[in-house]
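Q: Here are the chains, one letter per residue:
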Amino acid sequence: MRPADYRTPAIGSDSLAHQARLLEVWATAPGLKGFFSSVDHKQIGIRYIVTAFLFLALGGIEALVMRLQLAGPNLSLLTPEQYNQLFSTHGMTMIFLYASPILSGFSNYLWPLLLGSRDMAFPRLNALSYWIYAAAGIFLYAGFLTGNGPNDGWFNYVPYASRDYNPGLNEDFYSLGMVFLGISTTVGAANFIVTALRTRAPGMSINRLPIMVWGTLTASAANLVVVPAVSLAFLLLWMDRQFGTHFFDPGGGGQPLLWQHLFWIFGHPWVYAIVLPAMGMVSDGLPVFCRRPLVGYAAVALSTVATMILGFGVWVHHMFATGLPGLALSFFSAASIAITLPSAVAVFAWLATIWLGRPVITTALLFFASTILLFVIGGVSGFMTASVPVDWQLTDTYFVVAHLHYVLIGINVFPVVGAAYFWIPKMTGRMLDERLGRWNFWTMFVGFNLAFLPMHVTGLLGMPRRVYTYAQGMGWDTLNLITSIGSFVFAVGVLLFFVNVWKSLRSVANAGPNPWDAPTLEWAVSSPPPPYNFAVIPTVVSRHPLWENRLDEEGAVSSIERGMLLDKGKETVGTTALDAVPDMVLEMPEDSFAPVLLALGAAALFVGLLLKAWLVAGGGTGLVALAILIWLWPRRELREREAGS
Amino acid sequence: MSETALAQPEKLPVGPIGRHGIGYWGVGTLVASEAALFAYLLFAYFYTGAAAQPGWLLEPAPPLKLALPNTILLLASSLVAWVGERGVLDRRRWQALLGFGGAAIMGTGFVVVQWFEWKAKAYGLGTSSYASLYFVTTGFHIAHVIVGIGVLVAIFAWTALDYFSPRRRLTVSAGVLYWHFVDLVWLFVFATYYVTPYLGFGR
Ligand code: HEM
Numbered sequence: 001m002r003p004a005d006y007r008t009p010a011i012g013s014d015s016l017a018h019q020a021r022l023l024e025v026w027a028t029a030p031g032l033k034g035f036f037s038s039v040d041h042k043q044i045g046i047r048y049i050v051t052a053f054l055f056l057a058l059g060g061i062e063a064l065v066m067r068l069q070l071a072g073p074n075l076s077l078l079t080p081e082q083y084n085q086l087f088s089t090h091g092m093t094m095i096f097l098y099a100s101p102i103l104s105g106f107s108n109y110l111w112p113l114l115l116g117s118r119d120m121a122f123p124r125l126n127a128l129s130y131w132i133y134a135a136a137g138i139f140l141y142a143g144f145l146t147g148n149g150p151n152d153g154w155f156n157y158v159p160y161a162s163r164d165y166n167p168g169l170n171e172d173f174y175s176l177g178m179v180f181l182g183i184s185t186t187v188g189a190a191n192f193i194v195t196a197l198r199t200r201a202p203g204m205s206i207n208r209l210p211i212m213v214w215g216t217l218t219a220s221a222a223n224l225v226v227v228p229a230v231s232l233a234f235l236l237l238w239m240d241r242q243f244g245t246h247f248f249d250p251g252g253g254g255q256p257l258l259w260q261h262l263f264w265i266f267g268h269p270w271v272y273a274i275v276l277p278a279m280g281m282v283s284d285g286l287p288v289f290c291r292r293p294l295v296g297y298a299a300v301a302l303s304t305v306a307t308m309i310l311g312f313g314v315w316v317h318h319m320f321a322t323g324l325p326g327l328a329l330s331f332f333s334a335a336s337i338a339i340t341l342p343s344a345v346a347v348f349a350w351l352a353t354i355w356l357g358r359p360v361i362t363t364a365l366l367f368f369a370s371t372i373l374l375f376v377i378g379g380v381s382g383f384m385t386a387s388v389p390v391d392w393q394l395t396d397t398y399f400v401v402a403h404l405h406y407v408l409i410g411i412n413v414f415p416v417v418g419a420a421y422f423w424i425p426k427m428t429g430r431m432l433d434e435r436l437g438r439w440n441f442w443t444m445f446v447g448f449n450l451a452f453l454p455m456h457v458t459g460l461l462g463m464p465r466r467v468y469t470y471a472q473g474m475g476w477d478t479l480n481l482i483t484s485i486g487s488f489v490f491a492v493g494v495l496l497f498f499v500n501v502w503k504s505l506r507s508v509a510n511a512g513p514n515p516w517d518a519p520t521l522e523w524a525v526s527s528p529p530p531p532y533n534f535a536v537i538p539t540v541v542s543r544h545p546l547w548e549n550r551l552d553e554e555g556a557v558s559s560i561e562r563g564m565l566l567d568k569g570k571e572t573v574g575t576t577a578l579d580a581v582p583d584m585v586l587e588m589p590e591d592s593f594a595p596v597l598l599a600l601g602a603a604a605l606f607v608g609l610l611l612k613a614w615l616v617a618g619g620g621t622g623l624v625a626l627a628i629l630i631w632l633w634p635r636r637e638l639r640e641r642e643a644g645s
Numbered sequence: 646m647s648e649t650a651l652a653q654p655e656k657l658p659v660g661p662i663g664r665h666g667i668g669y670w671g672v673g674t675l676v677a678s679e680a681a682l683f684a685y686l687l688f689a690y691f692y693t694g695a696a697a698q699p700g701w702l703l704e705p706a707p708p709l710k711l712a713l714p715n716t717i718l719l720l721a722s723s724l725v726a727w728v729g730e731r732g733v734l735d736r737r738r739w740q741a742l743l744g745f746g747g748a749a750i751m752g753t754g755f756v757v758v759q760w761f762e763w764k765a766k767a768y769g770l771g772t773s774s775y776a777s778l779y780f781v782t783t784g785f786h787i788a789h790v791i792v793g794i795g796v797l798v799a800i801f802a803w804t805a806l807d808y809f810s811p812r813r814r815l816t817v818s819a820g821v822l823y824w825h826f827v828d829l830v831w832l833f834v835f836a837t838y839y840v841t842p843y844l845g846f847g848r
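Protein chains in written order, with the working numbering: chain V, 1 to 645; chain P, 646 to 848.
Chain P extracted, bound-state conformation (with noise of 0.2 Å):
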């Protein structure tokens, strides 16, 4: 008779220690399945301006005056998140509370600005399938960075309530993620909607 094969494992971490959980993998599903509804964004504005007659573009030169410095601010903000995240890492919550409150108000400067760049549009929702492919498009990433601030939001309240150590910070740790996927999708955005045209594309 063949011997019965039994796992017995040693000390096994008990509970996500550090970013070691499931948590984290889910955080990582939802993070692909937006990354690619963020895709299908950009191929929906590729597509329509590839087959588009010329003048489809209504800013063939878009104005960055307002756009650079915001997308730095947002990049910035993740860096900011970051250091948050280290704060927790290395239990100084004064470090981590100004990083999370930081990057939420950074964030929130972003949408302030982003408001002033639609106001300041001339054309609206309904001019044409560029302008709605514009606002939708910027307007679903603004959605994603409200859901991120709420998120910067929650874990500075958690971490003034003192929640969080070095081994139990999952939660720390998926938000900074999320908020850094929201930063980065941007960064596709704006090269979309503010680069691509003065590299040629739909003009």
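Isolated chain V, as found in the complex (with noise of 0.2 Å):
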């Protein structure tokens, strides 16, 4: 029989025969075949949370070199190429392949649960999109590993950058590195952004999207249409290297600060990208410890989209006002100025929602509690070097390393931490330990400002960024020793974190499905949640659908029992934009090899580019033309193609 078209979805209420269907549909195939075809969110958002942890991992232990080199003045524990390597590569590292990776994990494992939805919105592209990273990771490292490291800094300037002052490898391997990741970034954020707008629970008006929501969906709305400026300016790059093009080289023609504006104009928006959704965290994880919903939850979520716009609009400005010395220079600054005032908005609230609640102090909430106060240090360090004079003194300093260490380990780090203290129940089932979590972070609190307060005054001083040792007697000294063991203490308080989550997972599941007894849809289903999510589709009247019965709120109060069934196949639903009313019934696919496949395609084809081995490239190419050939193919189940045909 033809299947209908339409269709008047049936409702009722949970049941075990009813969950035994849908598990049927849902859940991923055991091993091998599952791991490399499953599309479903919640695996790949921990496979993302993972790969990003190691590579903090990774980063962090260049770091510890790094800071073993400088612990005293004329160390030769490094070359200064090493050094070069070494802190271009932790940059790198840090920025891409850890700090936006691992909210994308979080999002991805919980957006659909925030949302009331089984899965997101383009299943197989976010298989694809982790797949995609971990190759380009893995191809990046590839290069440190084979001595080819970027060694230009992670945001890697021409001229230093082309081919006459950097002929070996250490820069392609960088570019194709970041062209691929770029791809991963791109289609994540439009993942993100159609999941956003069309695959909300009935009711979820756009008013009552959880903060983190928020932050991902403006990141991912800038990421969009800014990544490519970045995999444009690689590209290029790779091409003036060695294919003797002009773009950046001014002996043709080329103009060596198109590289900053290109790179700026994603960078710029990036820094909000690797920020806005740990605010998120903190706006969403904070007030369920402070027993009471987010104070001004409409302001702050205001202020998260204005954060984007006007970084946007700093970067015009730059390039108007000031020409473009002072862009380059004054970069994190500019970015910190453009954020302080919607940034304000956002510290308020968590103040006033602290202050009005009633704490209850667990370690996720010393964690985000810890964030409000590196924030405010962050902040009033990059507006100190906002100003320009001040600026002049300041730039290339250790005073902006400091910086730029306060904002994104306080505003990524520490809020990230955090959320692994709030959600990997949810994900696992198992809490982790209360005592050793606050082991983990004092250790991690006081080792951090150890290491990177002092290190403004090292800046103060005079000490530039990026030498690979230093003299004696500049006054230097006490202050690089005590940062270096400051940050050995954070390293040993980020074990702590590994280690706790070693333990809970060799714990028994004890969690239940709400151990925090917080008000959002995640915390309504089990821990961790069945393949499928949420065995009704779920209808929400408020922000807080757990909490509505003691808030005393008047009207309606949400539907999380009963809803709408949809097990006549992988089926969820699809929501208007703006109020979230039911408009469609989405078929969603199944698990698929095209992604893995696109994805060794995409990886043979930078393998070929980067050893100009134009028969793996071609090759690669095909393969990839075939995953997307595949992928694509009409399906009946999806209701791509008639029925009877």
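These are computed hints drawn from the structure, not numbers from a lab.
None of these values were measured; they are calculated from a predicted model.
Wrong hints could be hidden among the right ones.
List time: in silico DSSO-like cross-link candidates among lysine-lysine, alpha-carbon distance up to 30 Å [as the list claims (entries may be wrong)]: (1) 33/V with 503/V; (2) 568/V with 656/P; (3) 766/P with 612/V; (4) 710/P with 764/P; (5) 612/V with 764/P.
Both chains are given apart, each in its own frame, so use the hints to dock them into the complex.
A: Here it is, written out as structure tokens:
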């Protein structure tokens, strides 16, 4: 019989038979087959998180080696070239392979659960974005491990990155690897945008989105249009280096400054992309431990979006008003000025939430609350560097290094570890140890400040960044030693976190669906959630569906227990962009090998380009084309083609 | 106790119907991202050109003998592809096949002419920044045309297999949208490289 084109979804309650039906269509096959073909956002999210933490560890080890070298004057653990590769690889790893992917990982895992849906809008695209991320990460590290790591800083200015000054394969690895990685970021961004707009639970109108969704959505909208700028820049650089083009080469009429423009068109919004979702984690997590909803939801949501718009504005301002050197020099500072106003909104909202709430001290809360403090310090130092005369004094000194670590560690690493304490029980069904958690927190917090607070002074005393050693008697010795000690303390703190996770994985599942008594939809399902997330599609009428009866709100309450059953296939509901009114039944794709095949083909393509092995590149392209054909071949189950055909 | 709100929708479309489906949104995001990519390419041209010395333009009066008809050919192919889409909508399979096949052939013609255009240049990729920009920008575009031709061929084949109906045809509409995009982008590339020199840019 021909399946109907239109259907009134049956409404019902959860039951064992219903769950069994759903499990059959949604479960991923066991073993390797499932591993390579799964499109379940929860599996992909966890892979993202594990991989990103792995890169955090790698980048951390690189940092520690640098700190050993800098612990005292005139040490010779590293050669200058090794030091160059280390700080560049450290920056690349932390910025591109840790800070952004870790947030994608949490968002991947959490979004459908937060939104009351059964998966992301494009599950196969989701798998693709992970595989490409993993492959690009390996590609970039293959360079580093063969002595060809980037050596010109993570923002890689020409002319030093051009072939005349840098004849090795270092910059080719970096350039092609970044183009490769850009594919992952872009398709991931597209997926987040469509997911947020089209696959929410009925009733979750746009003013009921969790703040983390706002954060990732804003970041994704920016990424979608700015990542091509950096991908293009790196591709052109590679062509300049390998094919004698003259994009950045003044000798042939090219413009070295074009590099900086293309890079910072991307780099400016990118800084927000790696903090806004993390701020969202705080905005969603902190209130749970303050036992009250976030104060000033609308202001925080709007300021999230405003930050990004301002971020673009800053770039334009720099471009037309101050010219380029200003852009290049005070990048981080300018970013901080722009972020000041909207982020002040977030900070006041967090403080007010703590003030008006009844805080319950947990490790997660400590991490979230410390974010506020570090945020303020990072903001102030950013504000300082942003004033031009001060800037000239501080540019390219350790003051900037201190500042950027306050921003990146303070507003990315701390909230992320807090988020891990908060959400890992959802992912694994197992709590993390609170006692070990306190040790974890305080070691990280003390270590971090010990390492990076004195670094401001080192900078004020004039120590330049990116030098592999320094002379005795400049007044920098003690400060550097303290920084190095602090770095190791911080690293031990991160290690304690990993130990805690490892310990918890070996404990019994005891978390239950809602260990924190939290208000949002992800806590309505079991921990870990079943493959289909929600047995029935919930209907929500507020931002905190699980807290409605105690907040004494007027009017109707959300429906968690009863809803659309959608068990006629691998289905979920599509809703309208603003009001989240159901407007279609979405047929979701089965697990598929096409994404991993495509990523393999793309990897071959990039390896081929790097080695100029055109046969390999051609074969890779062929594989990519084949994978896309398999992927897009219209399927009856997805109603992409007429049933009778 | 307040009452429970429960969404109980009436009849909903199951899967994509017509253009209504998230796949179309997916292609929309793809187009947005690719449009940005070309915007940066053209930005690179204007930025480099604005700061360049006189004589930067290797062809102050770019020859239009091939480029103009070729532009018209490509734009016309967009129309032909649209006719093909109408064919699916009106259940006229031969019209659809003619449309997709015709657009693919016209697109191929464009690539061939573009190839001759390249061959006829007195300069090469490495001659100067102008030359690099010219070849890489048009090269990027040709790559997109080739992908677009692949899409048209696939839609052609699937139509030949009678996969689509006026309701189940999102793939067709999404593919044709991509083709329109590829053609529209050319208009910007063409205007930048072939028209603005006549208006005085970079001279
Ligand atoms: C144990 C923790 C860390 C330590 C000890 C550390 C240490 C360092 C050191 C010594 C440098 C080189 C400074 C120079 O010579 O100019 C550096 C640069 C940098 N670090 Fe870290 N870092 C740590 C964690 C992080 C994290 C978590 C991030 C990002 C999320 C990060 C991002 C960066 C960036 C972007 C640079 C600039 C690289 C460049 O100059 O191109 N770091 N860090």
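Q: The structure should be examined with respect to each hint, and the outcome stated for every one.
A: Hint check results:
no. : hint             : in the structure
1   : 33/V with 503/V  : holds, 28 Å
2   : 568/V with 656/P : holds, 15 Å
3   : 766/P with 612/V : holds, 26 Å
4   : 710/P with 764/P : holds, 14 Å
5   : 612/V with 764/P : holds, 23 Å
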